[in-house]
Each structure stands twice: as C-alpha cells, then as structure tokens.
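Quick mapping for you: the protein sequence lines, in order, are chains A and B.
Converting from the first sequence to my numbering requires adding 1363 to each position, the first position being numbered 1.
Converting from the second sequence to my numbering requires adding 41 to each position, the first position being numbered 1.
Hints were generated in silico from the structure; no laboratory data involved.
A hint or two may mislead.
[Said to hold, decoys possible] Computed footprint of chain B on chain A; a stretch qualifies when at least three of its residues, placed anywhere within it, have a C-beta under 8 Å from a C-beta of chain B:
id: 1; stretch: 1429–1443
id: 2; stretch: 1461–1468
[As the list claims (entries may be wrong)] Pulled a few chain A residues facing chain B out of the computed Cβ check, cut under 8 Å:
id: 3; residue: 1413
id: 4; residue: 1415
id: 5; residue: 1446
id: 6; residue: 1448
id: 7; residue: 1451
id: 8; residue: 1452
id: 9; residue: 1619
[As the list claims (entries may be wrong)] Under 10 Å between C-beta atoms, here's a sample of chain A residues computed to sit facing chain B:
id: 10; residue: 1410
id: 11; residue: 1447
id: 12; residue: 1509
id: 13; residue: 1513
id: 14; residue: 1515
id: 15; residue: 1519
For each residue, glycine too, the CB sits at the ideal point set by N, CA and C.
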Amino acid sequence: MVSVQAKQLIKRFGETTVLAGVDLDIPDGEFAVLVGPSGCGKSTLLRLLAGLERVSAGTIQFGDRDVTTLEPRERDIAMVFQSYALYPHMSVRKNLEFGLRLRKTDAATMTARVEEVAKMLDISHLLERLPRALSGGQRQRVAMGRAIVRRPALFLFDEPLSNLDPALRAQVRVEIRKLHDQLGVTSVYVTHDQVEAMTLADVLFVLDGGEVQQRGRPIDIYREPANCFVAKFLGSPAMNLSPVELRRESPDQRWFAGQFPVATPTAFAGLETGRRVVAGVRPHDLVLASEGAGDLELDVEVVETLGPELTVHGTLRTQAGPGQAYVAVLPAEHRVTRGDTLALKLEHLHLFDADTKRTLRC
Amino acid sequence: MTRRADLLEAIAAHAVVILAVCFSLYPILWVVSLAFSGSTSLEPQVLPIPIEPTLEPMREVVGATRIEPDGSEIWLFGRQLLNSVVVSIATAVVGISVAIPTAYAFARFEFVGRREGMRLLLATQMFPAVASAVPLFMILEALELLNTRTGLVLCYASTSVPFAVFQLRSAFEAIPIDLEEAAMVDGATRFEAFVRVVLPVARPAIAVTFLFAFMTAYNEFILAATLLDDERAFTLPVVLQRFIGEYDARWDLFAAGAIVVSLPVMLLFYQVQRHMVAGLGAGGVKG
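Sequences are here, hints too, so could you generate the full structure?
Okay, here's the thing in structure tokens:
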C-alpha cells in the first residue's frame, strides 16, 4: 500500500497537450476515481501512473519512491484493462500465475495464492478454461483476479466495467468496492460513468481539458461544484444552468439572478447589481409549490416516469415569455402531465461567474 | 413442397461440389496414371487409368544413382531430395527469423523511415526473381557459393523476407497492444512480453508464413537452374525439368518425380495445419 503523489504532470503527443499540469494527491489505502468526458486525459493519466507512457514533465511518487522514470514492472502495480487483456493462449490458471511466474514465486505459494483468489472471486471452477470459453462477466473477474493475485501496492482500473451489461455492471461495482475494503490497497479508477464515480470514490478527481477541475469527496463535489463544468458533469439529470444578470429592484429588496431569487446574498462574494452570472439549479432542488407561491413556473412538455421519481422536461416561463428548457425531478406521487404549468420552489441555487465559470461561493 | 425444394437444393449443391472436385482432381489423377503406366510419351487419353500398370518409372526416378570419379556410388535422387528439403526448411527458418523482429518493429514502433521502409519492401516485390538472377550468380560466384545449399538458401531467404514481413506485420498489428502492456505491468520486460505473449498469439500467422516461404523455395526453378550446374547440388524442380529434354521427353519419369516431390509438401502441410488454429487469439480482449 502506498500513497500516490503526482506533481504538475504534463503529457504531450506531438503538438497536442493531453495533460496540462495535473496534480494528484491520493492518501494511502484510499479509492480514487478519475472521472471526466472522453478525451479529458483521464486514461492518459492512468497510463502515466502505470508507466505505459512517459511524462513530458512533472513527477510521480508512490509513497516516498519517485517512480517517474521507472518501467511498469518496477512500480509494483497491477492494472485491470478496459478490454480485460487476458492472454488468449493461456488458461485462466496460467493467466493468474503469469505475474507470479515472472517474479519466480515458488510453485506451492503460487498454487495457494491462485486458489485463494479464485475462491475469493468465485472463479475456481473456471481455472482450466481458456479466456474464449468465458462470458464477459467471467473474463472481468479473471482480469481482477490477475491483478489481486500479485498483491501489488497499487491497483489501477481503466474503465473495467464499460463492457458489461448494466445489471452486471452494478453488481460488479459493489464487488469492487467490497474487495477494496477487504484488501485495503490504494486504487486509482478511471471512468466516464458518474454513477461509478460517485459510488466508488473515497476521493474524486473531475478532469476536463487535461486539467483537474475539482478534487474532493464525491458528495462535497456534488454539493459544491467548483465551476460550471463540474456542476453540469456530475449529477443526473444534469444541473440546469442559466446565464443571467444580478439585480434587485431597491436596496432593501431581495436579490435576483434573472428571475431566480438569491436566498442568502451574504454568502456570495462581491455581489453587485448588473453583474453577469450563471444561475445553476439541480433538478432535484426544485419542489412543487402551491399556485402563486413558487419561485419559477414550468410549462411541462415531457414527463418520464422512473419508479419513485418523475423527470419533468419543460420550458421555463419568464416575464418576457417562454424561456429556456428546464428539467425538474419530482416525487412520483405527483400527477403531472404534458401541458401542465407547475409552480416550483427553489431549495438551493448555485451561482457561477459568467466569465470565469467559477463558483461565487466563498 | 419445402422438403422437395430442400432436396433439389441439396442435389444441386452436391452436383456443383462433385464437379469442382473432379475438375481439380482430374489433372492429378492423370499424372498418377502417367507415373504408373509404361508409356514414355503423352498420349491423349480420356480416362486416367494406366494402360499397362508398372512401377518402373517410379523405380527409375527414386533409384537414380551416380558413380563418383573415385568409383564410389551415391544415391543421387536421395541427395537431391535432401537438397530440396534442407534448402526449403533453411530458407523458411532464416526468412522467418529475420522477418519476425522486422515486422514487429514496423507494427509497433515509430521510427524515422518507417513508411519509406515499408514502401521499399513493397518495391522489391515488383521485380521478378529472374531479374536478379545474373547479379546473384555473380555474387555467389565471388563468394564461392555456387552449387552449394548455403548459396541457394541466402538467395531464397532474402527474397522471402519482404513478403513475410508484410504478412507478419499485419498479424502483429491485429494483436491488441493491451496484451503486451498487461504483460509489462505483470512484470515482463518488453522482450519477455514479445516472447511469452505476442509470439504464441501470432503462431497461426507465423505457421502460414513459414509454409509459404517453404513452398516458394521448394518450387523455385529459375534461380536454381541458373545457380546450380552440378547434378549433385540440384533441387527437385531442376531434376524434374531434366526429364523433359529437347529430343527425349520422359513424361512417365516426370510424372513419377512429380508425385515423389509432392510427398514432403503434403507431410509439412499436415504438420503445420495443427498450428493454424483459427481464432486462437479470440477471447483475450473484449472486441
């Protein structure tokens, strides 16, 4: 087990800069998730940690060991690939033994460890099969087993669930978290799936454009996104964002960001009338109000029923007429149909600077 | 009605297949018939059945001997068969040994001249072998390698490498790089990953390329006829050609020789086909 520290990592491929100065700080034994859209540099970052790519600048430390220039085999890591990368010409047992053999582990220890891991992952009955005779879920388990059996100091996961069907994905996700809690080995997990990111991470790094946009506990990032990108990327359905102007009609009146009432103006730094901001409202932060008592009015266009919740898509009604498209999530007991006009109350409002897109919360 | 349609379809399909088999087999049966008949000339004959069955042509070809100047007798045909087999195996081994690392480098590494290198290899394929016969003759003469197996192997291997590189490069490119990276993370050096993972996965392609290099060398005639003039150094294609002289065409010997020449190739095919397991690489990575 080790902590992971990366300082000012830069990676360029020719003229393209994929990582533009990334800092990582993952405490010993924690489960870190790197999340971001395609092309944000998260997989490249993982490959730099693995030693499969060389850094253009910056340093990587595992514990107090500088591994920046070390070969993958010298880093004491194990990696689960998106494609599983099982050796197709070897049986499951040989796949699991491969790393141990290279490290000249004696036969008895090797057998014992393989049996132990196979039992842990419930693949004991598959040991003599070739990878091509396994289902997707079984291959995924073998790939995990191959990583675990080596007892490395650091696990790296490169979107390991993306090839599984949704039901299996949810199941394996839970198993991965259980295994982590059981083994306690520091893990770095790359995904573009925000459900995996939110549920697995002890510490979450949101990446975009080759930079870390925000680092923190998943729930903290969800509650207090650092900028518009993070606000929009995390959370489903995505946060509603509206570019508006701050105003108040007279000095003793309430603040408004466009038509959104700003509940606690003292919490925001440097508010001034006329300032251009982005007002963000999570669909879950809208509640149904009695007619006339709402902060907003929504003309309903589509209602999606998802068991306990309704996702309501509509258009915001403004003084100037129909406004932007808006989404609200409401409890399923409400009867909402197309054509309704809903009065909605705001429970929480996020404000971002219109130019920097950064949060205005101090 | 459906059953009848199925039956008709089956009959039609079988008829086509049987026709195709007859079409392919007829010339071979004809050669076999010629090899076991007493006739020395090509007589038009519809049915490939020996008129007077005999083993004489076969005995004459296989039993060919030669008296050396020192009075000793050598089994000439055995020696020529050995020449062919040794030269072809050596060609395939040398060619593949050079082509594997070359193809891997072209498939996996970025280096200056990579594209130009591949084009150059392609360009060498455009020249017929006969175009290089004279320079090769001069080189081998200078190296005193005329009439030797080594000389022939050098010529054949150098011409077999470009095609083998093409074939193997595609095979290596088709192997997901994840497999090598997984091996390297597991503790292998790049070379170990290559030997323990890439080569076994590429085995079917290597087997096919080996077979192709072997066959090309085994069947080659023009260079062999140019570079060899001592009958003890002849390979089988040259031997066969000698049966059809300008004034004396021994088609029965030619046919018998052709059958004997085919046997090692059939044996090799039988051996190599085990390695040509389709889809060996399947299942390693999710497609």
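Against the structure, the hints come out as follows:
Counting residues of the stretch 1429–1443 of chain A whose beta carbon lies closer than 8 Å to any beta carbon of chain B gives 6, which reaches the threshold of three, so the coverage claim holds. Remark: the stretch 1461–1468 of chain A is confirmed as covered by chain B, as 4 of its residues place a Cβ nearer than 8 Å to a Cβ of that chain, reaching the required three. About 6 Å separates the beta-carbon of residue 1413 of chain A from the nearest beta-carbon of chain B, less than 8 Å, and the hint is met. Of the supplied interface hints, the one on residue 1415 of chain A holds, with its beta-carbon coming within about 5 Å of a beta-carbon of chain B, less than 8 Å.
Annotation: interface hint on residue 1446 of chain A holds; nearest CB of chain B at approximately 4 Å, less than 8 Å. Using the Cβ-Cβ criterion of 8 Å, the hint placing residue 1448 of chain A at the interface with chain B is satisfied: the shortest such distance is roughly 4 Å. At about 3 Å, the closest approach between the beta carbon of residue 1451 of chain A and any beta carbon in chain B falls short of 8 Å, and the interface hint on this residue holds. A distance limit of 8 Å between C-beta atoms decides the matter here; for residue 1452 of chain A the minimum to chain B is near 4 Å, and the interface restraint holds.
A hinted interface residue such as residue 1619 of chain A counts as satisfied when its beta carbon comes closer than 8 Å to some beta carbon of chain B; here the least separation is about 52 Å, so the hint is violated. The criterion of a C-beta within 10 Å of any C-beta in chain B is met by residue 1410 of chain A, whose closest approach is roughly 8 Å, and the hint holds. With its C-beta approaching chain B no nearer than about 6 Å, residue 1447 of chain A sits inside the 10 Å limit, and its interface hint holds. A cut of 10 Å between beta carbons decides the hint on residue 1509 of chain A: the least distance to chain B is about 7 Å, and the hint holds.
A hinted interface residue such as residue 1513 of chain A counts as satisfied when its beta carbon comes closer than 10 Å to some beta carbon of chain B; here the least separation is about 7 Å, so the hint holds. Restraint check, residue 1515 of chain A versus chain B: the minimum CB separation of about 9 Å is within 10 Å; hint holds. Below 10 Å, beta-carbon pairs count as interface contacts, and residue 1519 of chain A has one with chain B at about 8 Å; its hint therefore holds.
Hint 9 from the list above is the single one not met by this structure.
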